[in-house]
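S.K.: One point on numbering: in full-length UniProt numbering, the residue at position 120 of the sequence shown is 120, and numbering is uninterrupted.
FYI, nobody ran anything at the bench for these hints, they're computed from the structure.
Mixed in with the good hints, there may be bad ones.
[To be verified] Across the chosen pairs, the derived CB separations fall in these ranges:
no. : residue 1 : residue 2 : range
1   : S92       : R171      : 20 to 30 angstroms
2   : E101      : E46       : 35 to 45 angstroms
3   : R146      : L94       : 22 to 32 angstroms
4   : A76       : M180      : 38 to 48 angstroms
5   : E133      : E87       : 33 to 43 angstroms
Computed from a predicted model, the values in this text were never measured in an experiment.
Just so it is clear, CB atoms sit at the ideal spot from N, CA and C, and this is done for glycine as well.
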Amino acid sequence: MVRSSNEVIRACRCEGPEPKPEAGCIVTDDPLPAEHLSPLATLVDEVLAGVGYEVTAATDAIDDAVPGYGGLFDPATTSAELRRALESLLESGLTRPSVPEATSDTFVLYVDGSSRGNPGPAGAGAVIMDAAEEELARLGRPVGSRTGNNTAEYVALQLGLSELLARYEPRRLEVRIDSMTVIRDVWGGNDPTEPGVETYSEAVTAALSSIPDHRYTHLADSDPNPADALATVGADIAAFGP
């Protein structure tokens, strides 16, 4: 059974003088500190959460719920129409998409954050792949309406790790990421330099501690990153108002 990231978090238990996290759990009570979002963007984020942050599943559900030929990003759809569609979806209940079977306990995770204006509307994206680099999940969410890029990068990594651990039991993981700020903190042992990211950093560290073998690959700006487009979608949602 697939658990939500919050259920995975609550399922963690630590015992003994030197507690260690159980496999597949994240030891933190508050993995996603609330950044500021408009009420409309918050509703979209709630729909995303209901489908495990699967961007395609969320946008398809929203587009189907909007009357006529409108949709989530259709300029002809009014804020009122979109709000009613989102509220209807949340009231009726949402179903997480089925989880593709993994070929092994080895995974690749692409992550990326995007902020327009830095700070500005920001989004986070993550793509989970198996060892053969076949896509298993395409995830995205808005982060905040006036949020910096570094915060979005932390959220992207936290999002990807949370959903990976909610769906699978990874033993080996390669994280592909372009943020040297996050790399220096998470794998280099540096203290976070971005104000306000400490809880995200702690959540990431806790998640990685349950994966026996993990490493990172730094992506250059010219390297392809499938999470980039998902982060852009998240930033588009973060710009929604009111």
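S.K.: Determine for every hint whether it applies to the structure shown.
M.R.: Status of the hints after comparison with the structure:
{"no.": "1", "hint": "S92 <-> R171: 20 to 30 angstroms", "in the structure": "38 angstroms, violated"}
{"no.": "2", "hint": "E101 <-> E46: 35 to 45 angstroms", "in the structure": "28 angstroms, violated"}
{"no.": "3", "hint": "R146 <-> L94: 22 to 32 angstroms", "in the structure": "28 angstroms, holds"}
{"no.": "4", "hint": "A76 <-> M180: 38 to 48 angstroms", "in the structure": "42 angstroms, holds"}
{"no.": "5", "hint": "E133 <-> E87: 33 to 43 angstroms", "in the structure": "38 angstroms, holds"}
Checked against the numbered hints given earlier, the structure breaks hints 1 and 2 and satisfies all the rest.
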